[in-house]
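Novice: Each chain, written out:
Number of protein chains: 2
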Amino acid sequence: MDELVERFLAGDRRALARIISRVESESGEGRECLRQLYPHSGKAHIIGITGGAGAGKSTLTGALAAEYRRRGKTLGIVAVDPSSPFTHGAILGDRIRMQELTLDPGVYMRSMAGRGALGGLAPTIDDVVAVMDAFGFDYVIIETVGAGQDEVEIAGLALTTILVNNPGTGDDIQALKAGIIEIADILVVNKADHPGADVLVSQLQALLSLAPAGARRPPILKTTALKAEGLAELADAIGEHGAYLAQSGELERRRADDARQQVLSIARQILLERIRAATSEEELAELVLRVAARKLDPHSAAEQLAGNVLR
Amino acid sequence: MDELVERFLAGDRRALARIISRVESESGEGRECLRQLYPHSGKAHIIGITGGAGAGKSTLTGALAAEYRRRGKTLGIVAVDPSSPFTHGAILGDRIRMQELTLDPGVYMRSMAGRGALGGLAPTIDDVVAVMDAFGFDYVIIETVGAGQDEVEIAGLALTTILVNNPGTGDDIQALKAGIIEIADILVVNKADHPGADVLVSQLQALLSLAPAGARRPPILKTTALKAEGLAELADAIGEHGAYLAQSGELERRRADDARQQVLSIARQILLERIRAATSEEELAELVLRVAARKLDPHSAAEQLAGNVLR
Numbered sequence: 001m002d003e004l005v006e007r008f009l010a011g012d013r014r015a016l017a018r019i020i021s022r023v024e025s026e027s028g029e030g031r032e033c034l035r036q037l038y039p040h041s042g043k044a045h046i047i048g049i050t051g052g053a054g055a056g057k058s059t060l061t062g063a064l065a066a067e068y069r070r071r072g073k074t075l076g077i078v079a080v081d082p083s084s085p086f087t088h089g090a091i092l093g094d095r096i097r098m099q100e101l102t103l104d105p106g107v108y109m110r111s112m113a114g115r116g117a118l119g120g121l122a123p124t125i126d127d128v129v130a131v132m133d134a135f136g137f138d139y140v141i142i143e144t145v146g147a148g149q150d151e152v153e154i155a156g157l158a159l160t161t162i163l164v165n166n167p168g169t170g171d172d173i174q175a176l177k178a179g180i181i182e183i184a185d186i187l188v189v190n191k192a193d194h195p196g197a198d199v200l201v202s203q204l205q206a207l208l209s210l211a212p213a214g215a216r217r218p219p220i221l222k223t224t225a226l227k228a229e230g231l232a233e234l235a236d237a238i239g240e241h242g243a244y245l246a247q248s249g250e251l252e253r254r255r256a257d258d259a260r261q262q263v264l265s266i267a268r269q270i271l272l273e274r275i276r277a278a279t280s281e282e283e284l285a286e287l288v289l290r291v292a293a294r295k296l297d298p299h300s301a302a303e304q305l306a307g308n309v310l311r
Numbered sequence: 001m002d003e004l005v006e007r008f009l010a011g012d013r014r015a016l017a018r019i020i021s022r023v024e025s026e027s028g029e030g031r032e033c034l035r036q037l038y039p040h041s042g043k044a045h046i047i048g049i050t051g052g053a054g055a056g057k058s059t060l061t062g063a064l065a066a067e068y069r070r071r072g073k074t075l076g077i078v079a080v081d082p083s084s085p086f087t088h089g090a091i092l093g094d095r096i097r098m099q100e101l102t103l104d105p106g107v108y109m110r111s112m113a114g115r116g117a118l119g120g121l122a123p124t125i126d127d128v129v130a131v132m133d134a135f136g137f138d139y140v141i142i143e144t145v146g147a148g149q150d151e152v153e154i155a156g157l158a159l160t161t162i163l164v165n166n167p168g169t170g171d172d173i174q175a176l177k178a179g180i181i182e183i184a185d186i187l188v189v190n191k192a193d194h195p196g197a198d199v200l201v202s203q204l205q206a207l208l209s210l211a212p213a214g215a216r217r218p219p220i221l222k223t224t225a226l227k228a229e230g231l232a233e234l235a236d237a238i239g240e241h242g243a244y245l246a247q248s249g250e251l252e253r254r255r256a257d258d259a260r261q262q263v264l265s266i267a268r269q270i271l272l273e274r275i276r277a278a279t280s281e282e283e284l285a286e287l288v289l290r291v292a293a294r295k296l297d298p299h300s301a302a303e304q305l306a307g308n309v310l311r
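Residue numbers (the numbering used here), protein chains in the order written: chain A, 1 to 311; chain B, 1 to 311.
If you are wondering where the hints come from, they were derived from the structure by calculation, not from laboratory data. Errors might be hidden in some of the hints.
No copy is singled out in the list; a pair is fine if it fits within one copy or between any two copies.
Stated by the list, open to error - Here are the simulated DSBU-like cross-link-like pairs (lysine-lysine), alpha carbons at most 30 Å apart as the crow flies:
no., residue 1, residue 2
1, K73, K43
2, K73, K295
3, K227, K295
4, K43, K295
5, K73, K222
6, K222, K295
7, K222, K43
8, K227, K73
Using the sequences provided together with the hints, build the complete structure.
Specialist: In structure tokens form, the structure reads like this:
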């Protein structure tokens, strides 16, 4: 076994940081580390926190982390939100809390770039989460900005997805498209001290009442993350959701579904890389030119590319 | 050559409808039709119309179509918006205008399902647009609801992308994320008779002034689609954008970029289908189970699947 992985398994945080960097660079070295440490993963409770800009996701993440630390739990945090105070832009109170967390040996934070202005998680986020999981953290929290694509992807990655809602933006409910609410395991109305909070809770309840009978109805919780209020209840609700997943058999189903999606997605990526390697830039450029000039249709061009690597 | 394609090229609208259905079903027959008619495509000006719910996209599409008919031009319309009045939900005035268009032999309309509640165009939309293009329409208009993913995809498909904005929703500018505005070739403030229209125009101008120097700045036009006002100016602006693309060399670059993306995307799809065909459901299920149980890492599992089809 790799010496770096040995140090990682012994709890060396510098080894953790180096392995994450390797995995993020999508190097062969990173994949080898991942292969060796993967059997140690699968124990952490992965929590996704998502919601619109300004909903207070980062503050909530920090406050939830502090709550878990009070309970003696360890955690990894991955912030994909580009405006996350983990990287910059925090208000002072947040920044102090974040600094406390940064100095805490029971917490490991990492920020990751998203796929660009229009959303989508980094392709290596599954691997980064698996590394943190294997390191032995009790919880891994992924905080991501609520663009549509991110929210779908986070639900495929997290066991418990928390959708943070913000009263007083005036268009709260409008923004909750039917599809978005379906991926949420827990709904949080943050800034519960805001006068519009109770209205928002009622609106969410009304929206949930439209869900098909028999479907699990996500609980709606109120928090005021800035004052650390409602966090014990949120941590309890996350625990209850985890227990529900395990008892209902849903956990096993989800793990299998997620594994299937992930394996097929990586396989597709591998094949695409092979096509790129097997096709010279001239061949590709010439094919593309013929398609652009309408001399060849794109399906026939794609068949030719695929033919370069397929049996 | 296929007899259906012959009838299609002779201008038979029933042949057009049948070929679109074949292409949408992703059948081998559909691909063969596409192969034969593809050389006849590439002449239509493809226009994408996108924007938030309630911005008046459908009314604008109908009014723009009527303007082109007055100019003696023919057009195909693809409505991806699930709430489009082309399918249902139109107010009366719209519905009458739509019916007129439906009876017009110079217009062909088709509605397509999107990829689901969370956005994304149907995977076959490129092919459907190519078929309409090859049929000989002067313009093909794609109308899509403004979810983030749709908007990125429509910009890769349309030569001219029109972002429709709606005054008076209170959160107009907030909704215009930096990335979204970058894909717009023309900005339209619809419902120009609304008191907030001029404020919205100023806000958009301020937003555009932040664009990097040297970049083409999209024009901002005011329309009142319900009263058919501002449509001649919009049609002129679309024509000017088309001329700009051709003169600047941007047209050729875009066509090549789009062809490259499309070919690689289809190639990836072909490879995934081959993997599915070459891998028994038992083998896949067993691999997935081992990954879910953390006995095998997903990269190694994916390598095994890829190995089933690679040379």
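Novice: Give a verdict on every hint.
Specialist: Going down the list of hints, with the structure as the test:
1. Taking CA atoms no more than 30 Å apart as the test, K73 paired with K43 passes inside one copy only; the shortest distance there is 13 Å, against 63 Å between copies.
2. For the homomeric pair K73 and K295, the shortest alpha-carbon distance between copies (26 Å) is at most 30 Å, but the shortest distance inside one copy (62 Å) is not.
3. Proximity of K227 to K295 under the C-alpha cut-off of 30 Å is found in neither arrangement, the shortest distances being 65 Å within a copy and 43 Å between copies.
4. For the homomeric pair K43 and K295, the shortest alpha-carbon distance between copies (13 Å) is at most 30 Å, but the shortest distance inside one copy (54 Å) is not.
5. Proximity of K73 and K222 under a CA criterion of 30 Å is satisfied intra-copy only: 23 Å inside one chain copy versus 57 Å between copies.
6. Taking identical chains as interchangeable, the C-alpha atoms of K222 and K295 are never at most 30 Å apart, the minima being 60 Å within one chain and 40 Å between chains.
7. Proximity of K222 to K43 under the C-alpha cut-off of 30 Å is restricted to the intra-copy arrangement: shortest distance 28 Å within a copy versus 57 Å between copies.
8. Taking identical chains as interchangeable, the C-alpha atoms of K227 and K73 lie at most 30 Å apart only when both belong to the same chain, with a minimum of 21 Å there against 63 Å between chains.
Comparing the model with each numbered hint stated earlier shows that hints 3 and 6 do not hold.
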